[in-house]
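*Asks:* Sequence:
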Amino acid sequence: MPVISVATQARKEGFFRLEWHLAEQRSLLIAKGEAFILLVTIDATSERGAIVPEAFLAVQWTRLPGGETNAAFAQRVRSLLGLDPAVAGASQPVGRDEGVASPTSRAASQVDRALPAVAWAVGAVLGLAVVLGFVWWRPATPVANAGAASRPLTAEKALAPAAPAEPRRGLKSVVVLPFENLSADKEANAVLVDGMHVDVISNLLLMREVRRVPLDTAMTYRGTKKTHKEIAEELGWRLC
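Everything in the sequence shown is counted per numbering that gives the first Met the number 0, starting at 0 for the first residue and increasing by one.
Each hint should be verified, as a subset may be incorrect.
As the list claims (entries may be wrong) - Pairs of lysine-lysine residues, derived as BS3-like cross-links and limited to a Cα-Cα distance of at most 27 Å, are as follows:
| hint | residue 1 | residue 2 |
| --- | --- | --- |
| 1 | Lys171 | Lys224 |
| 2 | Lys171 | Lys228 |
| 3 | Lys185 | Lys11 |
| 4 | Lys185 | Lys225 |
| 5 | Lys171 | Lys225 |
| 6 | Lys185 | Lys224 |
Everything labelled a hint here was simulated from the structure, so no lab data went into it.
Please model the complete structure; the sequences and the hints are all you need to start from.
*Replies:* This is how it looks when you write it as structure tokens:
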């Protein structure tokens, strides 16, 4: 749900613009008519002259003056998310007049031109993040029963009722800490490094088995001297 305002118009550079771009790219993977992007403007900002991705201009915007929401808007969001009992379980095709972006030929042509020259680097960093994430949240290996399978069962143990199964663990959690800029020209490459960081976090959203820490929280650890154990304790996690 991109929020458009005079504030976003004034900021020519920011993380939100990268997220908008990624949303536009991801919309190409979504079936036509499926709800994905709901545009909201909280002031008098007009589509004409708006500094937004082209795909955002192909839909009608929802206007909420002052950011005030009403029951109709809340009901609409519930309907798009499939939370409305009246439409639950049914596919909800959404047209242009409902403010949901669908792939367009202009957006498709941009994809070919938008492939970054550092795509290989992003792939390598993503692979590294997945490996580090596995080390971060992998379940601890049980050691209490180590070697039990090799010991013969006694008659009493053989007749004893089986122990209840261990409760299923919840989603694994992973935090992608800000990348360290090791390039010679740190100022020139700062945006690239931050962009790769955001791209890795965005790709983790595609993994349903992973609950990732929001970008804003991860950015608070930029330049931190805290150990991984200290960070895990602050986040309420068990570091394995």
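*Asks:* Now look at each hint and say whether the structure bears it out.
*Replies:* Against the structure, the hints come out as follows:
1. Simply put, Lys171 and Lys224 have alpha-carbon atoms about 25 Å apart, close enough for the 27 Å limit, and the pair holds.
2. Taken as a hint, the Lys171 and Lys228 pair is honoured in the structure, with Cα atoms around 16 Å apart against an allowance of 27 Å.
3. Between Lys185 and Lys11 the alpha-carbon distance is near 20 Å, which keeps this suggested pair within the 27 Å criterion.
4. Of the supplied pair hints, the one linking Lys185 and Lys225 holds, its CA atoms being roughly 23 Å apart against a limit of 27 Å.
5. Taken as a hint, the Lys171 and Lys225 pair is honoured in the structure, with Cα atoms around 22 Å apart against an allowance of 27 Å.
6. At most 27 Å may separate the alpha-carbon atoms for a hinted pair to count; Lys185 and Lys224 meet this at roughly 20 Å.
Checked against the numbered hints listed earlier, the structure breaks none of them; every hint is satisfied.
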